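Chemist: These are the residues of each chain, in order.
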Amino acid sequence: MPDDTRPLSPHLQVYRPQITSILSVTHRATGVVLAFAALLLAYWLASAAYGPEAFGRAQGVLESWFGRLILFGFTFSLFYHMCNGIRHLGWDMLWGFDMAKLRITGMIVVIASLSLTVLSWLMAYGHVGKL
Amino acid sequence: MINTPQQKRSLQSKLGRVRGLGSTREGVHHWWAQRMSAVALLPLSLWFVYSLISLTGSDYDAFHAWAGEFGNSVFLMLFVVAMFHHAQLGLQVVIEDYVHSEVWKMGMLLFVKYGTVLFAASAIFAVLKISLAG
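These protein sequence lines map, in sequence, to chains R and H.
Residues in the first sequence are numbered from 1 upward in steps of one, following the working numbering.
Residues in the second sequence are numbered from 1 upward in steps of one, following the working numbering.
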């Protein structure tokens, strides 16, 4: 050991999963998922620029059950990454580091991202009035 | 943060640190760019999701009419730029954390950087084409 004052990194294999670590891993995972969502957005915009046939093909894929499942996952990833990102910005400003606040804001992130996802899809398909 | 034991022992001067000449020769630039793009993406993402909700069920012509509107074109391009920039910065950190072979790491970093620029350029050009050519 070169220096015993350095903090040890928490080893995933021996650490009991906790809300803090689970939410942290999920933040990174949703970020990677959203990179694929960005590719899909670029493809979708390009198809619209290409012409009606290409746009129709893209819409056909997106409106299939599989396409909608993917879009639902992207919607949740976006809202989760956004809500937890706000939590991160709070930490950057040195707010919310104690365990009590970490747990409460973590729960808020989970509930808010799930609610916003469901609400968005209900609004999109007219079950809830549009803004 | 300045008074941790490591930094007391460091040979590097405090001036060297604040000038951004740390071990990566980059300072806080990456960290700051990630935060700035994140803050920009907050309103842009909400606008984009709201737009998609409103556009549900639209056909080709309706979508073109929407995307061709001045404000929508501008916001779409801002969203695309901020998003791909943020994606590149985030994927870079993930690659640097998990890929330990120098060759693979460098290859994947280049792939992600060029890829995000390529897709961002395509998306911007698509919006311009829809907006200007109708």
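No lab work stands behind these hints: they were computed from the structure.
Keep in mind the model is a prediction, meaning the values are calculated, not measured.
We treat Cβ as the ideally placed atom computed from N, Cα and C, and that holds for glycine.
Heads up, some of the hints might be wrong.
[What the hints assert, rightly or not] Computed from the model, here is a short list of chain H residues facing chain R with C-beta under 7 Å:
| # | residue |
| --- | --- |
| 1 | M36 |
| 2 | A38 |
| 3 | T56 |
| 4 | Y60 |
| 5 | F84 |
| 6 | L91 |
| 7 | Q92 |
| 8 | A123 |
| 9 | K129 |
Chemist: Work down the list of hints and note, for each, if the structure agrees.
Modeler: Each hint, compared with the structure:
no. : hint : in the structure
1   : M36  : violated, 11 Å
2   : A38  : holds, 5 Å
3   : T56  : holds, 4 Å
4   : Y60  : holds, 5 Å
5   : F84  : holds, 6 Å
6   : L91  : holds, 6 Å
7   : Q92  : violated, 11 Å
8   : A123 : holds, 4 Å
9   : K129 : holds, 4 Å
The structure is inconsistent with the numbered hints 1, 7, although it conforms to all the rest.
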